[in-house]
Every structure is written in C-alpha cells, then in structure tokens.
Amino acid sequence: MKSVSKLVALLMALVMVPVLVVAIFIDSDRENPSFAQGKLATGTVPPEFEAWVIRAGTLCEEISAPLIAAQIEQESGWNPDAVSPAGAQGLSQFMPYTWPSYGVDADGNGVISPFDPADAIMAQAKFDCDTVAQAKQDLASGRIKGDLIDIVLAAYNCGYGCVISAGGPQIVNGETEGYAPGVKAKMAKYTQLGTVELTHCSQFRPGATFGTNVAAAALCWQGTPYAWGGGTLDGPSQGIRDGGVADSFGDYEKVGFDCSGLVLYAVGQASGKSIQLPHYTTSILNDTRGHPVKEDDIQPGDIVFPSGGNPQHVAIALGGGQMVEAPQSGDQVKISPLSNLGPGIEIRRFGAGIQRQ
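Numbering (full-length UniProt numbering), first residue to last: 1 to 357.
Read the hints as simulated data drawn from the structure, not as lab findings. Misleading hints may appear alongside valid ones.
[Unchecked claim] In the PhoX-like style, the derived pairs of lysine-lysine whose C-alpha atoms are separated by at most 25 angstroms in a straight line are: (1) Lys126 x Lys294; (2) Lys189 x Lys39; (3) Lys126 x Lys186; (4) Lys126 x Lys189; (5) Lys294 x Lys186; (6) Lys136 x Lys39.
Take these sequences, add in the hints, and give me the full structure.
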C-alpha cells in the first residue's frame, strides 16, 4: 500500500506566494471529480476479477469501480501473487500487519488471504470506504484539509496517521506524493464513457472574480489524462486520432483534455457557458473577446501562450509564476512553472463585465 498528491504538494508550496487564488483551491473538502462516479468500462479489467471490482465499487458512494481498478493497477499491475520489496502482498498490496483489520472471506472459500483476489479487492474497498468515513469527520472538524479522494489514496499508501500528521494528503516522502496522480491518471481507461458525473467537478464560487473561477474550474481536473482533441464545455471527453504522436500514446482511447480543451472548458464554466471558445489554440489567441494583457499585469485566470502568432500551446495562469495546463500526450492536467512557456509570453483576459451569481 503506497501514496498521494504531488499536485496538492505543489499547491501547498504555492501557499507561500501572496496570491489569493491559491488559498481558494487547497481548502476544499469536495469529492474528487476525476471520474470518481463513473461506471466500469466492460473488458478493461481481467475477466476473472471484473465482478469483484464492480461489487467493490458499490460499497460506498465515493469509491467507484474505476477507482478500485486504477488502484489495483498502480499497486500490483493485476498480479494476484505480487509481493513488494517492503513485503506488501497480493493484488491490493496489503502489508501483513494491516491485513487482519480489513481481510474478509469474500468468496466464501474458507480462506482469508491477501493472495485471494476476491478477498483482496473487497478488503481494499473496505479500507477505502472506512477512510472516507473517517476523513469526512476530520474534514468537517478542520483537523485535516484537502481533496477527499486524495486523502483516501494517501492513507492507502502511507497510512491514515501520515494524513493526520501532515494535516491532509500533502505528504512528501518520495513516494506518496506521486500515488494519487498515478491512480487518477489510470482511471480514465476504466471508466465507461457517458457515465461520469461532470457536475461533481463544479468549482464555481459565487462572488469570486471571473479569473478565479477560470483557474478553479481547471484545477478541479488535476490528474486527468491528456487526450488530443479532448475537452468540451462540460468537461473531459474522448480524444481523437492525429495520425502521429498522440496516436502512439493511445490518446483516442483516453478521456481527458488537450491544452485548448482545458481552456475552453474553464472559461466556459466561469462564464456560465456564455463564452464558448474554439477548440484551437491560435483561434483562442486571436479571439476578440480576449483582451491583451501585459506580463507585469498578469492575474489568476488569464490565458497564457508562448510567444509568436501561431502558438502550439495554451494554459491558465495561477499567479506566483505558476500555471495549470494539459501539457502533452502521456501527461496529465497539472500545475507547472509559467516559465515553461519561454520568454515574451502572450496573455489574454476573458470575461470582462461578466459576474455570475
């Protein structure tokens, strides 16, 4: 059992920057938006495990079958006989001292074993759901802060004591910080298209600035896979073929965002869909609804491009020298240094005069 949220750790680092928008994004106790409510796509898990994964996804509302499947892939690569160097065992990689608290004879064969796939999968779901219940109490009391699913995954990787000690999932130990992003990135391929409750990722904040809501909408989907051609006004969508690099990464089989898809989604959400941007980077740059902004006046939610009139990338400024982006095939929605765009960036500000209630 291993780890969590490089992305949350990055946000925590940003707290030291005097930018109001950052604080807005790290104190939420929302449910994880990244496919948490989706149904398992048929044929995506080994057939001998499918029924148990589906059953595990019904144990509590917050823990879905695609999440269970993504965790198993992350933990053992679907190897029921796996033993880690640290001694974690089976499909779900329980440590021997943890197993007795969660192990169940799920298939009624008279043996309770982490090497029994049914037992392991249902014990994993029990651990996750028990953690959900505890985390909800601690979030409500203010004992911890952070994304609920990130907390669950951090606890699975490092133990709930690590979460308490860190005050949330932002654990830095060389392993846990990469666990949640890794699991979330795998969830898309296990999720049946058309079953994702996109409204679970609504981060609109009444009374906040337009730019704050643009940034919040994009940050809501951290960990979501990059998919060429992916992204609509309503959230991530299935990627398309490009006949080249994106195809080699299987983007057409993923549900996610490309760079312009993430931007059109975020601006659309912040505007109540009154601004519907084109799904093409250069067209967004040249859209007359976007007002040019000087680099020394950049604000959270501004849309940023590399220099030049035909940019191949677009992202969303966060302030403090950071941006949120869907970078490239094989990657995921994440926070990156603004300097990655190079010198002389182009900036556009949308939403002038728009104040959603």
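Practice item. Could you tell me which of the numbered hints above are not met by this structure, giving the numbers in increasing order? Key: Numbers 1, 5 - these are the hints that the structure violates, sorted from lowest upward.
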